[in-house]
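Trainee: Use the sequences and the hints to build the structure in full.
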Amino acid sequence: MTKLNDILSPFTAWKHVVREPVTIKDPLNREAADRYRGFHKNDISECIGCGTCESICQNAAIDLVPVDGVETKDGDSGLRPRVDYGRCCWCGLCVDVCTTNSLSLSNEYTWVDEDPDNFRFVPGAENKSWDNREKGYKKPGNGYELYSPVRESMEELEPEQRDQSFIEIVQGYSKEQAEKEADRCVECGICVATCPAHMGIPEYIKAIRNDDLNEGLRVLYDTNPLPEICGRICTHKCETVCSVGHHGDPLSIRWLKRYIADQNPAEEYKKILNTETLQPTGKKVAIIGSGPSGLSAAHYLALMGYQCTIYEKLPAAGGMMRFGIPEYRLPYDQLDKDINYILSLGVEIKYNMTIGKDITLEELNKQYDAVFSGTGLHMGRSTRVPGTDHPEVYQAVDLLRDIVLGNEVPVKEKIVVIGGGNVAMDITRSLARLQKQKFGKVDMLTTSLESEDIMPADREEVIEAREENAVIDPGWGPVEIETEGDKVKGLHVVKCLSVFDENRRFAPKFDEEQKKFFPADMVVESIGQGMDLSYLSEEFKEQLKMDPRGRILVNDDFQTSVDWLFAGGDMIQGPDVIHGIANGHKAAMGIDKYLSDK
Amino acid sequence: MSKKLLKWNEDRTLFPEKNSEGKIDVDYDSHKFMKIWHGPQHPGITGNMSLELTLLGDEVMDCETHVGYLHRGFEKLMERRKYIQCFPIVCRVAVPEPDFNEYCFASAMEELAGIEVPEAAEWLRTLVLEMSRLQSFLAWIGGQAGSLGQGIIGQWTIYLRDLILDRFEELTGGRIYHMYMLPGGVRGLLPDGFRERMTQNLDDIDKFMKDVKKVMFDNYVFKKRTVGMGVIDPAWINPFGITGPNARAAGVAKDVRKDNPYLKYPELDFEPVVGKDSDIYTRADVRRRDLLMTVDLIRQIMAKIPDKGDIRAKTPNVLHWKVPAGETYSRAECTRGEYGYYMVSDGTEYPRRINVRGPSYTHAVALLEKMIVNANIADVAGLMVSLHTYPPEIER
Amino acid sequence: MQTIIENLQKHFQVVSYHQQRENLGFLIASKEVAVGLITHLRDYEGFAHLVLLTAVDWIEDEHFQLTYLLHHPEKKVDLGVRVMISRENAEMYSIHHLWEQARTYQRELREMFGINFPGSPDVDKPFILEGWEEIPPYRRDFDTKEYSEKTYFPRPGRETHDPAEYMKKKLYPNE
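Residue numbers (UniProt numbering), protein chains in the order written: chain A, 1 to 598; chain B, 1 to 396; chain C, 1 to 175.
Bear in mind the hints are in silico, worked out from the structure with no lab data behind them. Honestly, I wouldn't trust all of these hints.
Stretch by stretch, here's where chain A covers chain B in the computed footprint (C-beta under 8 Å, at least three residues) [what the hints assert, rightly or not]:
no., stretch
1, 158-170
2, 204-215
Here are the computed distance ranges between Cβ atoms for each label pair [as the list claims (entries may be wrong)]:
no., chain 1, residue 1, chain 2, residue 2, range
3, A, Lys3, B, Pro266, 35 to 45 Å
4, B, Arg195, A, Pro21, 21 to 31 Å
5, B, Asp58, A, Ile7, 24 to 34 Å
6, B, Lys308, A, Asp43, 41 to 51 Å
Below, in silico cross-link-like pairs of lysine to aspartate or glutamate (EDC-like), each with a Cα-Cα straight-line distance of 16 Å or less [said to hold, decoys possible]:
no., chain 1, residue 1, chain 2, residue 2
7, B, Lys258, C, Glu91
8, A, Lys206, B, Glu349
9, B, Lys223, A, Asp6
10, C, Lys125, B, Glu52
11, A, Lys139, B, Asp310
12, B, Lys214, A, Glu114
Keep in mind it's a predicted model, so treat the numbers as computed, not measured. A virtual CB, placed ideally from N, CA and C, is assigned to each residue, including glycine.
Mentor: Take a look at the structure:
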């Protein structure tokens, strides 16, 4: 039974005695493979301290800690990840989920130290021998994404459908789209600090994901009583710092806010927000101007039980939101939805009341316990180049107001707009629509001092204006408006080389050699607005302290040097809606503090 | 050496008397019995598990398996982790073949979430699973030989296994715990030059396995100690839930890769390896041939695997991925048998329950306790290893 | 798969059958008929292989779900039998006589979920845990985090900051 072979065959093992050894000669210095997941590296100048690495780490091995030399600023928390190698399992998910791609793993894997606490370190901030190693694990490509970097696209009217009318262009997200977009959020909260109102952005996006839009509305109203409006026209500074935007499209925070507001019916607001009954304090506050800051102050004061009365110069409420922003961006019914809710809290509004004429500030002081003023910036500034006093040269804000009021608006065949901000785009696109209605074609040219890359207008505004056949030719400084009798001939410009000096101060430099002439029969100036304080009496103005930039001086509570007068809105900060909302809110809390102390 | 010394003492007159049921009552006070612990030291391939043996002379009268030395409560831990956070811990359920955990977890989750994995990722997963089987078999052969005193085999096969670990290192970034197959896909394409190096390694393995055959399998001592030892009756297969090589050595061609094909196995050409005699020798031989088949499968995969393509499907944001409510079971054929994940989702971001079915669960407890009775104490290690059990997948 | 279920319906009341995929289905059986149904599946339908037996704690609904996953070696299909039992005095009939490994599963369930299987050999013997005094650890109301905080101590020196909170503290503390 036993085969001889079975006895002899095992001896073949002896041939391995003369085989060359396979062991590695110097195992301590063996370099790991290119993709090896070794010790952490972090490019701390790229890192923004968003903390997604911390939230994905299932071992709780990562802490976010302040680091010397890294400053907390917009879009950067100033924190950096610290890794505890007592817990890390080198799975590399922190690398995969890193929004800035700053985190990676080197292929170094030996580290000897006597002090166990040294194995808790901040990669990138504490120098390590592997910091400059090229090899190691990085986020893979080839369609490998742990969250989508691509924004859910928004349905918009085609340029041909929209360029004749003032119908709203942006259609808003469907439920499916909104949930998909909300899903992209990594909940880092970097955006909250940048939002002037410090809205609970991650929370309301989470409410969308959970399909709990009532909760979403409550989060919105915590800090912002005009969500329909902000959901459409907010300057969305939050999106510029969105961590997802570092490698991909930023979250569409503005449209998501609009989605929540759109989906909640106006008649249920009071129930959802639990404002059906409010506890009155018996105190009264007058508010001048029904713009964002006035409405915001009125809303939060009303919630605190104050009886608020708004004095409005024009026949409708909303201020610049109604009289500055064209209907195609912000339809009136949506504007009214937000305003009507605020009015339903018991806020009274008196239209066609000009302070200083129909009633004076001093009288308001007598009738009310405190006064809030948010009269905004309604006086268009002029370039003051020769020819600007010609009757065919207009101010954008005046024209926009007239369009809303239904007054007749002069529309010529060839129009030039000076300005590169959102107001310039608004007037360009409004006039383009009117031209199309009147002449069947568009011949608009908009020029600005700022070159294309630093134009203050929102990027999509510029793109959409061009889609609507307006010409945008930025980077030119106006020299003279050529006129001939009662007719305007056009605008002479020279090339603008730079707008700001090294201290970021306004100091434009021009190249006088490069000239251009834009022919036109009408010129519109839109280079900014100033405030109109003519409603204040001279002796009152003397009591009121101003800051060095000519703005009314206010403290942290938005209280002026006259203790019963609070001020906010574009006069103080901005100009934009969200700053107005934020300081209206803060002023409301300041008024409450002032009146409670009194 | 007289023949007598090697032989089993068949004279039972010195033994305690059997009772009316034909069994021996264990009475420690009689000083004829001894209780010894086999384990829980980790001698090699059996892991930290212990057998509480009751001996009569050198014969095992009774055995109780004790597990729990590596219990980390993974199933419970996963219930408070988001799905993506389970991914780095599932591999730790089984050291010899972490990838089956990754695959079963990912595929169960993908099934519940309705995710289609890209073609390239499917091939890479197939490759990694087969590589994983290969290195596990290599480690096991060394263990089986070692348990019967043949240290040299272990030195060879652990070297061969290291070659595969080198390939794992360059493909996945890790040697033991690869953390490569995450829900939705995998984490990288083949690196440059991988094919050539892999082909070289496979050739080396083929060459060495010829020597292993000569030194281990065509070995009088090895045969003497394994042929006819530790027979698994084919009738036990279903009552004991036996799967994998343990079942195939008994002539039952059970192989999940054929029975419930997954990944790219339908496109590969193979037949399950079966044996006849179902003893330790046959099981070892089935595993040896299975290993060679795995080498062949890797060659087939290398010929078909694409070099380009997406490696991960589009999935929801992993930081708050809600998997639709439902339950499923996903299985794969590892070297020890059927590996499976039973996953229950309640529609939240956290799994409701995940249950890991490790093949050792049945092999190491019910089956081993039955087979070990009446074995010689010297054969216990060989028998244990021949079932290829691995305790962490029992206690998880 | 469909024919198996149709056959089954002749003898048993099959509740809420759900086909998860081509070769895997789940059904619910009542506690009383479950063992009979499983025996029938094993002996007459050919589901000879017990893949696993485990439990799910539906604490909100105050019951445990026991899942008996059975495999048909010839037809290569799986059938999960789900049995809901009350969490209070949780008890289930044993199936150790059907499959040898069932006693191991039942011993584990007894230890980890506190589900009793009267008659199952060694069911009360500790399986994985030794000297465990808390509630069965795989029940949902056992809080692993609380337990670990009570039992172990954290390494000192760890602190972290929430980015949004930290930025508020740094940039706009008074708002």
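Trainee: Take the hints in turn and mark each one as holding or not.
Mentor: Verification of the hints:
no. : hint                             : verdict
1   : 158-170                          : holds (count 4)
2   : 204-215                          : holds (count 3)
3   : Lys3(A) - Pro266(B): 35 to 45 Å  : holds, 41 Å
4   : Arg195(B) - Pro21(A): 21 to 31 Å : holds, 27 Å
5   : Asp58(B) - Ile7(A): 24 to 34 Å   : holds, 26 Å
6   : Lys308(B) - Asp43(A): 41 to 51 Å : violated, 29 Å
7   : Lys258(B) - Glu91(C)             : violated, 38 Å
8   : Lys206(A) - Glu349(B)            : holds, 13 Å
9   : Lys223(B) - Asp6(A)              : holds, 9 Å
10  : Lys125(C) - Glu52(B)             : holds, 14 Å
11  : Lys139(A) - Asp310(B)            : holds, 14 Å
12  : Lys214(B) - Glu114(A)            : violated, 49 Å
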